[in-house]
Every structure is written in C-alpha cells, then in structure tokens.
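Start from the sequences, fold in the hints, and give me the full structure.
From first to last, the protein sequence lines are chains A and B. In this text, residue positions in the first sequence follow the numbering used here: the first is 1, and each later residue adds one. In this text, residue positions in the second sequence follow the numbering used here: the first is 1, and each later residue adds one.
I should point out that these hints are in silico values taken from the structure, not numbers from a laboratory. A portion of the hints provided could be inaccurate.
[Claimed, not checked] Derived, one-sided and incomplete: chain A residues facing chain B with beta-carbon distance under 8 Å:
no., residue
1, Asn-14
2, Asn-20
3, Arg-23
4, Leu-116
5, Pro-118
[As the list claims (entries may be wrong)] Ranges of calculated distance between the beta carbons of each label pair, as one might list FRET restraints:
no., chain 1, residue 1, chain 2, residue 2, range
6, B, Ser-366, A, Lys-70, 34 to 42 Å
7, B, Leu-346, A, Arg-81, 37 to 45 Å
8, A, Lys-70, B, Leu-286, 45 to 53 Å
9, B, Ser-366, A, Pro-69, 53 to 61 Å
10, A, Lys-70, B, Gln-273, 41 to 49 Å
11, A, Arg-81, B, Lys-287, 24 to 32 Å
12, B, Asn-272, A, Arg-81, 35 to 43 Å
[Stated by the list, open to error] Derived DSS-like pairs: lysine-lysine, alpha-carbon spacing no greater than 27 Å straight-line:
no., chain 1, residue 1, chain 2, residue 2
13, A, Lys-70, B, Lys-287
14, B, Lys-287, B, Lys-338
15, A, Lys-27, B, Lys-287
16, A, Lys-27, B, Lys-338
17, B, Lys-437, B, Lys-271
18, B, Lys-271, B, Lys-287
19, B, Lys-104, B, Lys-155
We put the CB at the ideal spot given by N, CA and C, even for glycine.
Listed here are the chains, written in short residue letters.
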Amino acid sequence: MIEKVANILLVEDNYIDIRNAERALQKINANHRLFIAHDGQQALAMLRGEGVEKINPKPSIILLDINMPKMNGLEFLTELRRDEERKDIKVFITTTSDHETDRALSKELGISGYILKPIRINNPGSSMDNFNLLIDLLNLKK
Amino acid sequence: MKLSHAIFLGFTVILLLFSFTTFVNFRQSQAVKENTEWVARSQGVIRDVLRYQRNISDLQSSLRGYFLTGDESLMEPYYASEAENKQLISELNQLMPAGSLQLKKLKVIENLNMRWKTEYAQPLIEARNRADESDAAANTFRRFYGEKIKSQFEKQVNQQMRDEFREITNIEYGLRSTRRAVLDKSVAQTRSLSITLTVLSIAAGFSIALYLSYHISRRINEMVSMAQRITEGKFDTILKDTSKDELSHLAGSLNRMARILDENISQLERKNQELDRFSYVVSHDLKAPLRGIENVILWTEEDFGDNLPPKMLEYVGLVKKQINRMSNFIEGLLALSKIGRERRVLEWVDTGQMLTEIIELLSPGSGLRVIVPGKMPKLYTEKLPLQQIFINLISNAIKYHDRQEGQIAISYDEHDHVYEFKVTDDGPGIDPQYHQKIFIIFQTLKPKDEFESTGVGLAIVKKILDDRKCTIRVDSDPGKGASFIFTWPKAAA
Chain A
1 MIEKVANILL
11 VEDNYIDIRN
21 AERALQKINA
31 NHRLFIAHDG
41 QQALAMLRGE
51 GVEKINPKPS
61 IILLDINMPK
71 MNGLEFLTEL
81 RRDEERKDIK
91 VFITTTSDHE
101 TDRALSKELG
111 ISGYILKPIR
121 INNPGSSMDN
131 FNLLIDLLNL
141 KK
Chain B
1 MKLSHAIFLG
11 FTVILLLFSF
21 TTFVNFRQSQ
31 AVKENTEWVA
41 RSQGVIRDVL
51 RYQRNISDLQ
61 SSLRGYFLTG
71 DESLMEPYYA
81 SEAENKQLIS
91 ELNQLMPAGS
101 LQLKKLKVIE
111 NLNMRWKTEY
121 AQPLIEARNR
131 ADESDAAANT
141 FRRFYGEKIK
151 SQFEKQVNQQ
161 MRDEFREITN
171 IEYGLRSTRR
181 AVLDKSVAQT
191 RSLSITLTVL
201 SIAAGFSIAL
211 YLSYHISRRI
221 NEMVSMAQRI
231 TEGKFDTILK
241 DTSKDELSHL
251 AGSLNRMARI
261 LDENISQLER
271 KNQELDRFSY
281 VVSHDLKAPL
291 RGIENVILWT
301 EEDFGDNLPP
311 KMLEYVGLVK
321 KQINRMSNFI
331 EGLLALSKIG
341 RERRVLEWVD
351 TGQMLTEIIE
361 LLSPGSGLRV
371 IVPGKMPKLY
381 TEKLPLQQIF
391 INLISNAIKY
401 HDRQEGQIAI
411 SYDEHDHVYE
421 FKVTDDGPGI
431 DPQYHQKIFI
441 IFQTLKPKDE
451 FESTGVGLAI
461 VKKILDDRKC
471 TIRVDSDPGK
481 GASFIFTWPK
491 AAA
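Have a look at this one:
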C-alpha cells in the first residue's frame, strides 16, 4: 500500500471534542496530519495562509462544528463554497444530536455527511457509517 | 342621559298624562252637575210661571162667580191666589237672571195684572159690594159690568198676558235646548279628549317599557356574553357602548377589567415562556460540560483501565453513576421545557392502535398484563402529547409494580367535550398525602440511589394537560393499586 499523508482540518472550539477527535484518529492509526482551528475565521485563515502558515496540500477533509464563536460552521461553509480553489473539499458536520434536521441540513448544504459527537470509532448509531465513510475517503483503512 | 333619569322622566310623563285626563274628566263632571242644577232651576221657572198664569185665571173666574152670585165666600180663592202670586213673583225674580228679557216680560205681566186689578177688578168689586144695598145700585153695577164686558178690556189684557207667558216659557225652553246642545258637545269633547289622553298614556308607557327592556336587556346580554368570552380565555374582548349612563359606566369598568386581565395573563404567559426558555437554555448548556466530564472519565478508563488500582476503579464507577443521574435530570428538564415549545400537529388518532404500539414498545414482561378495551375512541387531535401521557403513565405502572403478576387496565368515559381516560394498576398504590406531590418535577417517593427514577414523567404529563386546560387526578390507597384519570379534548381547540 502506498503511504499517503492526508491533511485533515478540524474546526472545533470545544477542547474535549478536539481531544476526542485526536484520539479517534490515533486509534485507527490513520496516516494523517490533523490541523485544528477554533472558529471559522481561523479555519479560513489557515486554508488561505492569511497571517498563519497555510495548510499544504489543502486538506482532503474538513470536520466542522456548527456552534462556534466569531464565525460559525454554516457561515464558514458558505464562505468555503465561494472559494474556487477550495470549494470541493469534503466537509463533515460534527453534531451532538441525531435528529432528522441534521440529515436534511447535510443534503441541503452539499456536505458529505455528519458525524455524531463524541467522535469515537465505536460510537454506536448512525455516525458509525459516516465515520467508516470518512475512513474510506481517507483511503487509510487497513 | 342617565338611565335612572330616563326612567324617572318616563314615569313622570305617564303620571302627568293620567293626571291631566283625571282633571279633564273632573271638569266635565262639574259642568254636568252645573247643568243639572240649571235644569232644575229652569223647571222651577216653568212651574212657577204656569202656576202664576193659572192663578191669574183662577182670580178672574172666582171674581166672575162673586159678581154673579154676590156670595162673598167665592172671593176667598181670589185673595188666596193674589197672595200666592206675590210669592211666585218674588221666587221668579230670584230664579231668572237679573236684567233678562224674561224678567222684563214678567214685569209686563205684573203691570198688566195690576192694570186689570185697578181699572177693572177693584171698581167692579166696589160696585158689586154696593149692589145689594138697593136696586138702583144693583142696576148701576149691572150697567157698569156690562160696559166693562163690552169694552173687552179684560179680554185684551188676558190676551196680552197669555202672549207674554208663552214667550217666557218659549224663551226658557229655547235656553234649555241651547244648554243641552252645549253640554252634549262638551261631553263628546271630553270623551274624545280623555280617550286620546288614555291612549297616549298607554302608548307612552309601552314605549318606555319597550325602550327600557330593549335598551337595558340588550346591553346586559352583551355584558353577559363578554363575561362568557372572558371565562373562555378571550381577554381581548371589548364592549362598545356609546351611551352615557350607568350601564356604559359598567361597560367601561368591564372593559378595563378585561384589559387588565389580558395584560396580566399575557404577562403570565410571557413569564411562563421565559421560564421554559430558561430551563431549556440551562439544561442545554449544562449538557456540554457534563459530556466533557463523561469523556474524560472514559479516556481514563480507556487509557489506564488495566493499570488503575481497584479503589480508583470503584470511584470512577461512582462518578459515572452520578454523571448518569445528572444526565437523566438534564434530559428530563429538557423534555419538560420542550413541551409547549413544539408545534402542534393535528392528525387522526386511533387510541386503541396507539396503545397497542405503546405496550409493544414498553414490553411489560410476562407477568404483567395490559388490558385495552376492544373499542377505543378515534379522534382528530395532537398525537405526540397524548402518546407521551400514555407512555409515561403505563411505564410508571410497570416500573413501580411490586409483584410478579399483575394487570394494568385502560378504560375511558365519554363526556360532552372531553374523553376521560383511566389507567388503573394493581400495584402498591400511593398514600393520599403524596397525591399532589407526585406531579411536581424531581419528586420521587423512593430514594434516588435506590431506584432508577428522575421524577419527570408525571410532571411532563401534568404540564401537557395543563397547557390544554385538561385535568389529571389520582385515585389510590396504599396496597390497593392506583388509577390515574385524565381528560383529553374531543376536538382540538
């Protein structure tokens, strides 16, 4: 198997959720680099290299929280889709609830799926499929 | 105009009309009485006049008898009539109006009579008195009497007197008929006037009664229906009353009362919504840190589970239990605060089918039977809240049941506007002193560590029913099972 390093951008303001994501990705031993932004603005800055080091190559996947200060997930997503260079990046919404509205939202916003928080490989429920999809996408499954 | 003034004025008008009617009738009766008196006087006049005339005739005939016989006793009626005539004349002078034509004619008759007496009767009487003394005197008398008769003096005087008498009586009869006509006319006038006045009074009385009953009862009815609307919870109701009387003051007061009620109720509703929002926000925000703690504990277990000393493992286990309890509380609080915030959706609900599904979901175990009647109502209502009530009540009955065998029976009664559903179990029952307490949030009758219960289920049931102005009561005694009886509207408001 060809060794491939994937860049993942996690946009999340909650420290616990960041740690959970880190742990989950560590557990599956993904060959990845995880970048962390604490809000939408910071995420955009990191993607574009505005004032901070640019994520290079651009991330294959963005894990996006909705409720964040300064610029929330939906605002960030709108901004991202306008960005010609980066509009095709696959986005997963991270959420604490497993409601119909989230599914509807994911379709409407053209996202790849949603992942139920806390992000864990053995977190039961619908997030499992999405997490597996995430792993597939990363092409890192062993 | 004030109502009391209107009523007073109305009755005054009626009273005045009736008083006037009475006055007019009284005046008329006086006129009739006057006329009766006048007719009596007139009859007196005619009677006296006729008697006077007859007396004159008697006077002349008795004189004639004396002249023929010389018998002086025949002169007695003469003097008697003469005396009576004096009396009659004085009476007639009083009965006839002073200066009247009749009185003048009476004077003429009196004078004629006097002439007859002085020029005819007295000279002849003197001659006749002397006639018995000698033949010559007798002859003188006869000659003298013959001349008098020949001169036709007496005849002419009598003729004149007769004419005057006839005229007097004619005048009297004429007066009488004139007075009769006047009286008849006034009686007719009075009659029509008093009929008119009576009709007017009755009409006025009727209009006032109609006005009052329509004006007052219509407005009172409006107030009654306003009060009705208020009891139905429509506080924005307003009475329009443009009059300026006691009832419009009352209407104004009612409007003020409704406005204040409306304000207070709206404020109360706002406060309740704020409270719901508050508990929603608080419980929602409490979830994140709790989840954090839960995660850290999980990491500890995952990363060090095998290396942790047994005591530490035990403490971690205790922390997890407490987290679980806290989580249950927060979920309960969230569920409670969500009631009333959710959109109300109406659909056809077959309660029988709904209960079957609920029982399947709750799976009470082999020992407990849940009995649902074959025929249960179908109604167009909010499905989810009704379902939530049944779930909570039945799951409570299952959860608190203290024996291996038992049954839970569902039944219902149909009333005018509501169904009354009943969930009865044969479990341990509830002491009446706790019947109110069980509906308060986080109140459980067993120690929390001992029993998996958050004390939210019945609070949710109560809140759903309160929001829909429905009621719930519990009928139970220790050892005798419990019945929870609640109402549900047949038609959604």
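- Query: Which hint numbers does the structure go against, in order from smallest to largest?
  - Reply: Numbers 4, 6, 8, 10 and 16, in rising order.
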